[in-house]
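Residue numbers (the UniProt record's numbering), protein chains in the order written: chain A, 1 to 353; chain B, 1 to 284.
None of the hints are false.
Pulled a few chain B residues facing chain A out of the computed Cβ check, cut under 7 angstroms:
1. 180
2. 182
3. 199
Simulated restraints, written as ranges between beta carbons of each label pair:
4. B/78 x A/53: 54 to 62 angstroms
5. A/37 x B/174: 21 to 29 angstroms
6. A/106 x B/93: 27 to 35 angstroms
7. B/168 x A/65: 35 to 43 angstroms
8. A/37 x B/124: 44 to 52 angstroms
9. B/239 x A/54: 52 to 60 angstroms
10. B/168 x A/163: 22 to 30 angstroms
11. A/108 x B/37: 54 to 62 angstroms
Not everything, but these chain A residues come out facing chain B in the computed CB check (under 8 angstroms):
12. 52
13. 85
14. 87
15. 88
16. 102
No wet-lab data here; the hints were simulated from the structure.
Built from N, CA and C at the ideal position, the CB exists for glycine as well.
Okay, here's what each chain looks like letter by letter:
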Amino acid sequence: MAQVKIAQVRKAYGDNEVLHGVDIDIPDGSFTILVGPSGCGKSTLLRMIAGLEAISDGEVIIGDKVVNDISSPERDIAMVFQNYALYPHLTVAQNMGFSLKVAKVPKAEIETKVKDAAKMLGLTEYLNRRPQKLSGGQRQRVAMGRAIVRDPSVFLFDEPLSNLDAKMRGQMRTELRSMHRRLGSTMIYVTHDQIEAMTMADQIVVMNGGYAQQIGAPLDIYDRPQNLFVASFIGAPAMNFLKAKAEGGQVHLTDGTLVDMKVSDTVTGDVIVGVRPEHLTLDPNGALQITVDEVEPTGSETHISATTAAGIAVKLVTAERVSAESGAALKAAYQADKLHLFDAETTNRIETL
Amino acid sequence: MSDTTRPGSNRPILHFGRYTLMWALAVLALAPLLWMFLSSLRPTQEMFAHASSFSWHTIWPETFTFQNYTALLETGFPRAIGNSLFIAVVTMVVGVFVNAAAAFAFATFDFRFRGPLFLLVLLTAMMPFEAIVLPLYMLVNALGMIDSYSALIVPELANGFVILMFRQFFAAIPRELYEAGRIDGASWLRIFLTIALPVSWPVILTGSIMIFITQFEAFFWPLVAAPSAELTVAQVEIAKNISLEGANWGQLFSSMSIVCVVAALPFLVFQRFYIRNVASSGIK
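So that you can see chain B by itself, here it is in the shape it has in the complex (with noise of 0.2 angstroms):
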């Protein structure tokens, strides 16, 4: 598109406007991160220097140090996000696939009591998860998975809105599809995993940053259901920084920076593959 087919192009007042007012939601969006990453790289007796009385310095740091970094290395955080990322990235293949199974036989299906177990489903994509984490944990440990990988990951596994997302895309691919695999001799097993699964990749992306993202930044279950030590999740490890005694600022900035862009990532990577669907589906 030119400039000058652009709407109030030429208007300049009302195009200088519209910018003004982009760039001051983009800042107010981004300032509290950016400070954040910026008093990352602050030395620890600087951290509230600036703070009583506004000046440059109050966002930009006087001098630049890395240790905050560095000092993470001796604390527990590397092997965090270690179990952070390995939490997250097991939920999300296997969730994927148990979610994309369910959703394809409510989707294909007609089974006794669909309609019930499908509002079940959805109401576990409603209930706020403080309401259940007391009968969730004695399930858990009845199960004696209690303060093991098992507990932070199979409860994550069936995601209801994960599950309404499969469903409603399988529902809308023409059955004709799934029967024409029936009649080429296909079972129902080669169908989803080898015509609905290939088709419903955008789904497929899309549900598996939700679950990444949700289990990435899960705190108050591993919190509850993982104590040990060597099991503390990413979040868990962040938040030792503040206790009764004092926070040590520092670390907890550096510690969220690298968090921050570790959940972006597969977003970023992703992002080109979404944008071309979204571009791609018009041409049909």
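For reference, chain A alone in the conformation it holds in the complex (with noise of 0.2 angstroms):
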């Protein structure tokens, strides 16, 4: 077990920088998760911890040692692949030894970690197949168990659930986040689906152009997304956006309707307001003027697409059940304690009073 700490990192491929200075703590025993689209820089960032990737400036530190200079074999660490990276040669059993064979483990205690481990995923029957033999689900385990039989001081994931289907996918978050409690160990974990970010991470780094956007707990960052980036890219159906202008401390829409939210004087000028699908209400006494393009009902709410009198496309997330055709005029209000508010030119936030 160790915290690892992500100084000022950089990484650059010739002139073409893609990290560009990035700080992250990760405390002892969290469950880290790096998140955002691709190109984002996260998996180069944790190929950076792991080894695999040079540092091109900055420092990382695992535990209390800064490893920039060490290899991959000495950092004490265990990785899973997004494509598994089993042995294909070796069964179950000697792909999950393979570690503890390098680091010539008397062969007997090599066998206890690897049953412990192999109990634990459910894959004592399977140990003496062969990877190509498995599902891809049992594939899944058979890399975890070769990162758990090591009892590193840190795991890295990279994409581990995003080739399995989305029962599966659903099944392992439960798992991962289990083998977490009862590990205790500190996970870092990249993935682009925000939903395994929410559901599984004690702090999240929302990654976006080589920058980490926002570093916090997962809720926290739901709540108070710091720009506009974020806002959108947590949380899904994704946060609306409705174009306003803000003047001695009142926000005004487009269409020149009041916003009930107070501002400092000092914000003049352009801004955005965000509000999120299930924060947006269907409401005959409510503000804003919408005209329904498409009713999707998944069975437990029903999402509503629809455009603004001011032609901006928005989503309604609401628990009942809405019949209403496409076309028609509905009137829609929003939380006003529920709302965000962005400066349109530099995406910041902005805080209400």
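Make one complex out of these two single chains by using the hints.
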């Protein structure tokens, strides 16, 4: 077990810098998830922690050791790859015991550790099989077992669930969570799926364009996104954005409607009001005129796609069943205390009063 | 597959035509070999007796004899075949390892001049041997290896084409497999030996056979580089049957028959693995 500190880490391929100085503190025993769209640098950062990519600048510290110049085998980490990377010519037991064999651990001890891990992951009956005889979910478990037997100070996961089907993914999310609780190890996990991030993480790092955009607990990030990118990336369906203007402590939408929020007098000019779909409700007395485009019942809730009078596409999510025709003119209301405000130019969050 | 689904089976003429053509091609390819083998069983005086007018006995000997084979025992041929086998097997075993190691470096490491170096490797595979035989002779001579087994083995260890084959295979293996090995604490040498090599056995087989056959049928270089009688290889020994005074056709045929069988043996043995590999690659 160890804490991980990432200090002003940069990565450049020639003149092309892909990570622009990232700072992250990963507390000992925490489950930290790096989330972001493809190409945001999250996998590169993870590979730098693993020692599979050179660090162009800055420091990666595992425990209390700067590991920049320490090779992967000496970093005391384990990693689970997206494509599992199981050794195809070895059995499940040999795959899981490989690192221990390399470390010259006595045979009997390897066997005990492998058996324990296999039992924990429900792999006992597959120990003598080759990976190609296993299903995707089982291969995933073997990859995890290979990491567990090492008892490393840090676990690294590179999109480990993205090759699984939706049902399996949901199940593995729960298992990973309980595995983390049981082992209590530091885990760093990369995904592009914000649901995985929200459901599993103690700490989320939202990344985009080579920057860590926001770091925090899942619900803190959900409730107080620091900029437009984080606001749009976290949460599904995504947050609605309405163009507005701020003046004299008041905010007006482009159609002139006054928004029920107060801001500092110093805030002037173009702003963007953000409202999550579940905070936008159908209400005959609502301030927002909308025209329904599509109604999508999911069973537990109803998703409504609509267009505002100002021509902006918005989404509403309601727990009620709605039977509105496409093209119907309705009114919607927002929960005033759940609104978000962003500067249109800097895209940063503006605190309301 | 049942007969009814085979294309052409419901059109007997087409079916017949196709098989006739295939048989004709097969006979065309095999007839000289068969004739060589049958002639090796002819007594010397019968060798050309039926050559001028074509008859059944042009192909099938009138009398069968093993004298051409037993006579070989008195010549340098047994020793030569032993030499050839020794050279071919040693080159094969060491060569596969050397070429695989070079290819692994080309496939996995990023080092200066990797591109130009690999181009050089490819050039060695494309260069006709005759073009380099003189400088190679001078080099091997300068190293003091002329007229030794080393002269016949060392220059043949590195094989540009085998390196290319291994490199393509190693490069196609997902990089994560090597990275997983790194994370698991293994050194690169260990990854090469315990991960890369074991998964690449189809290439090891192909490369082995290629090196073996190349060395077993080598003629020109051994003729130049190892003139001593005790280092004579099979191909050179066979050629000794033809001289200015005349040719010993019987022993020429018998020794060639033996060499053909020995050269084909590893291929026939490994072929089963080949087929199995191709068949299982579809399942994944």
